[in-house]
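**Q** Here is how the chains run, residue by residue.
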Amino acid sequence: DGGITQSPKYLFRKEGQNVTLSCEQNLNHDAMYWYRQDPGQGLRLIYYSQIVNDFQKGDIAEGYSVSREKKESFPLTVTSAQKNPTAFYLCASDFGTGGNQPQHFGDGTRLSIL
Amino acid sequence: AQKVTQAQTEISVVEKEDVTLDCVYETRDTTYYLFWYKQPPSGELVFLIRRNSFDEQNEISGRYSWNFQKSTSSFNFTITASQVVDSAVYFCALSEYNTDKLIFGTGTRLQVFP
Chain A
1 DGGITQSPKY LFRKEGQNVT LSCEQNLNHD AMYWYRQDPG QGLRLIYYSQ IVNDFQKGDI
61 AEGYSVSREK KESFPLTVTS AQKNPTAFYL CASDFGTGGN QPQHFGDGTR LSIL
Chain B
1001 AQKVTQAQTE ISVVEKEDVT LDCVYETRDT TYYLFWYKQP PSGELVFLIR RNSFDEQNEI
1061 SGRYSWNFQK STSSFNFTIT ASQVVDSAVY FCALSEYNTD KLIFGTGTRL QVFP
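Protein chains in written order, with our numbering: chain A, 1 to 114; chain B, 1001 to 1114.
For reference, chain A alone in the conformation it holds in the complex (with noise of 0.2 Å):
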């Protein structure tokens, strides 16, 4: 079945350690992006990526870093300079054609502070 698959479900991170959170998709799309959740706001937009090898900073970017290497998967790495990480991440993907797709979602991953 076509999809995102998002791992790990829980992850925990200790004071000053990079975490990274995987997103991968089999639907063919070529934009992929990354949303954070928090508690009674909604998603806010991290980083997308439009094509391989080329990314853009969204909202919230300070503290995240991203990489496009492969059109399937979108990768996002939570530094220690992101002072408060705790949160609920989102990928998703479309074909990237101008805003008039619906986004298609991951599971999320459910991200703390050890």
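Derived by calculation from the structure, the hints in this document are not laboratory data.
Predicted model, so just to flag it, every value in this text is computed and none were measured.
Wrong hints could be hidden among the right ones.
Said to hold, decoys possible - Anything over 10 Å on all C-beta distances counts as not near chain A; from chain B, calculated:
{"no.": "1", "residue": "Val1014"}
{"no.": "2", "residue": "Phe1035"}
{"no.": "3", "residue": "Ser1042"}
{"no.": "4", "residue": "Glu1059"}
{"no.": "5", "residue": "Tyr1064"}
{"no.": "6", "residue": "Trp1066"}
{"no.": "7", "residue": "Asn1067"}
{"no.": "8", "residue": "Ser1074"}
{"no.": "9", "residue": "Ala1081"}
{"no.": "10", "residue": "Val1084"}
{"no.": "11", "residue": "Glu1096"}
What the hints assert, rightly or not - Calculated lysine to any residue pairs in the SDA-like style (CA-CA distance at most 20 Å, straight line):
{"no.": "12", "chain 1": "B", "residue 1": "Lys1101", "chain 2": "B", "residue 2": "Glu1059"}
{"no.": "13", "chain 1": "A", "residue 1": "Lys71", "chain 2": "A", "residue 2": "Ser7"}
{"no.": "14", "chain 1": "A", "residue 1": "Lys70", "chain 2": "A", "residue 2": "Pro39"}
{"no.": "15", "chain 1": "B", "residue 1": "Lys1003", "chain 2": "A", "residue 2": "Ile113"}
{"no.": "16", "chain 1": "A", "residue 1": "Lys9", "chain 2": "A", "residue 2": "Lys57"}
{"no.": "17", "chain 1": "A", "residue 1": "Lys57", "chain 2": "B", "residue 2": "Lys1101"}
{"no.": "18", "chain 1": "B", "residue 1": "Lys1101", "chain 2": "A", "residue 2": "Ser73"}
{"no.": "19", "chain 1": "B", "residue 1": "Lys1038", "chain 2": "B", "residue 2": "Trp1066"}
{"no.": "20", "chain 1": "B", "residue 1": "Lys1003", "chain 2": "A", "residue 2": "Gly58"}
{"no.": "21", "chain 1": "A", "residue 1": "Lys71", "chain 2": "B", "residue 2": "Lys1101"}
{"no.": "22", "chain 1": "B", "residue 1": "Lys1101", "chain 2": "A", "residue 2": "Asn100"}
{"no.": "23", "chain 1": "B", "residue 1": "Lys1101", "chain 2": "A", "residue 2": "Ala31"}
{"no.": "24", "chain 1": "B", "residue 1": "Lys1101", "chain 2": "A", "residue 2": "Val52"}
{"no.": "25", "chain 1": "A", "residue 1": "Lys57", "chain 2": "B", "residue 2": "Ser1053"}
{"no.": "26", "chain 1": "B", "residue 1": "Lys1101", "chain 2": "A", "residue 2": "Lys9"}
{"no.": "27", "chain 1": "A", "residue 1": "Lys9", "chain 2": "A", "residue 2": "Pro102"}
{"no.": "28", "chain 1": "A", "residue 1": "Lys71", "chain 2": "A", "residue 2": "Gly96"}
{"no.": "29", "chain 1": "B", "residue 1": "Lys1016", "chain 2": "B", "residue 2": "Lys1101"}
{"no.": "30", "chain 1": "A", "residue 1": "Lys9", "chain 2": "B", "residue 2": "Phe1113"}
{"no.": "31", "chain 1": "A", "residue 1": "Lys70", "chain 2": "A", "residue 2": "Gln50"}
{"no.": "32", "chain 1": "B", "residue 1": "Lys1101", "chain 2": "A", "residue 2": "Ser67"}
{"no.": "33", "chain 1": "B", "residue 1": "Lys1101", "chain 2": "A", "residue 2": "Pro102"}
Ideal Cβ placement from N, Cα and C applies to all residues, glycine included.
Given the coordinates of chain A, work out where chain B should sit on it, guided by the hints.
**A** Same frame as chain A, now just chain B:
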């Protein structure tokens, strides 16, 4: 600036009641797209509907219906005869023409009690 407002933070109803979730948006573009997503307790976002700015026809899909009114910049979602399985957080979102970025509202948590 783009903005999506979902003023209802939480709604509780008893099964079989009808419920309307409000969504008000702001944009300067004449071409834009509106979406509704459902987030069940499992966490993933499920796409429900897309509407483009030139199509003001209301839509009905089973127990779900959507009322798009450009004059009031609203895109409201009604569930008829609600069921316990409708319990979730519902997000309204906006994307402007030729951008791949989705702007989300803060969501409305719907609880349907038996």
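**Q** Could you tell me which of the numbered hints above are not met by this structure, giving the numbers in increasing order?
**A** 2, 3, 11, 12, 14, 15, 16, 25, 26, 27, 29 and 30
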